[in-house]
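Asker: Construct the entire structure; sequences and hints are all you get.
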Amino acid sequence: MAQETWNDYKQKKHSRPLPLKGIRVLEVCTLILGPVGPGYAAAMGAEVIKCEIPPNGDTCRDMTPFGYLFRGYGPVFVHNNVNKYWIGLDLHKTEGQEVFRELAAKSDVIEENLRPGVMESWNVGYRQIKEINPGIIYISKNGFGQWGQYAEENRPSNDGASQAFSGYAWMSSFSDQQPLKSRIYICDDYGGLMGELAVLAALHYRERTGKGQYIELSQSENIMRAMSWVWPYQQITGKGAMPAGNRDVSICPADTFCCADDTFVAIAAPALEEFRGLCTAMGKPELAEDPRFKDHLTRLKEENATAILQIIAAWVRTKKPEEVEALAEQYAFAASRVYTVKDVMEDRHFQERGFITEIDDPVIGQYYDYEFPVMMSRTSPRVKWSVRPVGLDNEYVMVHHLGKSKDEIERLYESGALGKWGDVPGRRPPSGWDGKAGVILARDGEEKE
Amino acid sequence: MEMEQPWSDWVRERDDPRIVNTRPEALDDITVLDLSNKSYAGCYCSSLLAEFGAEVLRVEPPEGDFLRTCTPYGMLYKGEGLNYLTEGRNKFHITLDLAKPEGREILKGLVTQADVLIETYRPGVMDEWGCGYEQLRKINPRLIFASISTYGQFGPMSRSRMPDYDNVAQARSGIQSGTGEVMPEGKGYEDCPWAIPTKSGPWIAWSVAGTFMAVDILAALHWRGMTGEGQALDVATTEAYARFDDYPPVWYQGSGVVAGRFGSLDVAGWLYCFAPTKDGAVFLGGLRLQMWQAFADMLGKWDEWGAENWTNLTVFTEEEQQLKWAPLVFEETRKYTNEELVAMSIEYAKKGRLAPITPVVAPVCSPEEAMKDANWADRGMFTPVQDPVYGELIVAQAQHKMTESPVRTKWVCRPVGYDNEHIYLKYLGWGPSKLKELKRKGII
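So the sequence lines, in the order shown, correspond to chains C and D. Sequence positions in the first sequence follow this note's numbering and run 1 to 449. Sequence positions in the second sequence follow this note's numbering and run 450 to 893.
Where hints are given, some of them may not hold.
Unchecked claim - No more than 27 Å apart at the CA atoms, straight line, and that leaves these computed lysine-lysine pairs for DSSO-like:
(1) D:K527 with C:K301
(2) D:K821 with D:K773
(3) C:K211 with D:K859
(4) C:K12 with D:K587
(5) D:K487 with D:K890
(6) C:K13 with D:K587
(7) D:K784 with D:K821
In case anyone wonders, no lab produced these hints; they're calculated from the structure.
Answerer: Okay, here's the thing in structure tokens:
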């Protein structure tokens, strides 16, 4: 049955409609927390117009792993800015603000991640925009929200600060070791996702009532929301929650173990039948009857958990990771090698689902990246195109959305309200660009060949 | 007039969590059936919808969901596991044995009245029960059928017999392999069992999967509003979390480099690391050249480090540069306490040579410190919920703030089957005698 629903999903997804068709989003965002949310919306079919201050635009454009640019752009930037339209609009300039307000009057959503009050100082804050578009859904995302001590001190913030402030990094380390920063920008990525949830809920509310609203999201608060037991535990016990390395203190057994070849495998087998399966796989079925391990709550107790995890660790140390995975499949408990990015990219399962997806981009060329990770049977979200040089879509947006004449557009360029890329890595087109690829409408106002 | 009021005051007057109960709820026209089984992802997903006012019917087997026993160190509070306690919020808890054919017929009576169904069984189980998407759409074509599993509903691994757990999904995502301390030279696993691939402590793969699903349920509702069509949604916990691995896929295919561990430095950013201090550690951030210069200046190293002549931040991101500069930075930060460094950065924003540009300096807090921080308390993160069953309880809430239809936590949880009477009467018209009979048969 599921086969019927999902048959040829990868092949068919590009010929299906998109769920957020008809929703227009204006983005004034930089780095990751801001842009990822509109990126998700764009993968679901919203029309996202990304406004950058020319000539440098988004700071993320040249954010690079060890100095490496992918065809001229930072890989983080490429990953998070799909399916967008790109305008270079200087909001410091009155004329730029006016263009923004014209676009805002025709938009459903505005997303920004500047410090509190900056958008208002540019005459494009929520209070100003709702006067021309009362139905607007306007979201601000940052470190500390719009009010409270830290916001009022105007502190800058970013993902690492939130990992630090929230206790998330502290809870993600080994006890007696230094707190550890996650390699991913978890508070950015997750903040952006939760922001989009609020935007879509607000959209639902608007569809029912016609009313728009303002939303604020603090990425520190948001990651705290995902830390579950930590808060009631501290309240009830009066003690601080403690980190436990790779061990999951709420599920037993669940940990990462070192294999015979010094690689690692994660295992979880808490439910009775799963635990029995693991014990049988280890050749020790009697452990499932041991009073220390007889049920989950008993097994979770510190001394019992330590005992069973030591037994499993000693067993795994004699095994290859693929042997553990095969036994998990046979005995129906959970196990996986600790995958690298290479393993994920080359995994046949992820490829056949289209999670590893191919983008054939006119500007930066063909490449693979991770697909938007929700498959929808009727309206399939997907990555269609990649990033653009600053301001590449100026003409398209000015003509198609605002009906500006050639003269009006020229005046906007002369005032500096409109602009394009500077000759700087991450901003300019990739080397070898022919001046046409990816251009929807050329600057001289004529359709390109 | 309106513009005369300071922005922060204006917003606070309208979105302070203290006034949420005077505001309408965004999703109070939506009914959700949550059949989550052994899955925090599913429960978290339905919590996010329930916080917006959706009527969530949380369906558990008569003995309760196994997730109720997944609690730190086996600790129970008033009979409840702590993780479940935080994600029972605003839901009606009913029991129904789906393993029995009669239970599944009862489910169908609820499905015809629901907008959304969330399920986390192994792919194929719902089909075998006659309750898969293709079967249920026949009785409710508007149904949004949301499935969360380790590997998703299709693809070679979808038929795996393995259950879905957060730590295994974190391992499969590729992210754990790139997080952790670097093994010191000449040492091995037995010497330093902490210098290995390290997962995040919280159930983040489950939370992320549940949130992606909640986002897409709302997108599917939008589509249904336009067309009347329901559909099936498929989230794999492994993929949902992997999507957050921002740069490694593109970096790997472009250069062949497999992103590895780099401790609490950052492969893709400088200045962007944890740094030791006199009394702990701070996060330091300066992803623009001027912020890195401001940091050097703040420490009195402007001349010695030659900050004036720096022209390009990208070169500092290179591995050998990071390994050269990090010890120099740490030598300085060790001279100060966390509080001193934070104060220096705030002061620099006012009076520094590059003001208002200043580096990001944030103390690395324990969750105990975070919960005592007056800033978050003031913003309503930890306001205790007055729960009719469990009493006064602190859970994280108010993760976003909205002026018209904000989230709220009305109650934190309910015991197994607590709402059977109310919900079965409301949806199926069954009074006490019918419920008694079903209970006797072990169906509810």
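Asker: Each hint: holds or not?
Answerer: Hint by hint, here is what the structure shows:
1. D:K527 with C:K301: Distance of about 17 Å is within 27 Å: holds.
2. D:K821 with D:K773: Outside the cut-off at roughly 37 Å; violated.
3. C:K211 with D:K859: holds (24 Å)
4. C:K12 with D:K587: holds (23 Å)
5. D:K487 with D:K890: holds (24 Å)
6. C:K13 with D:K587: Roughly 23 Å separates the two Cα atoms, so the pair holds.
7. D:K784 with D:K821: holds (26 Å)
This entry does not satisfy hint 2, going by the numbered hints stated previously; all others are met.
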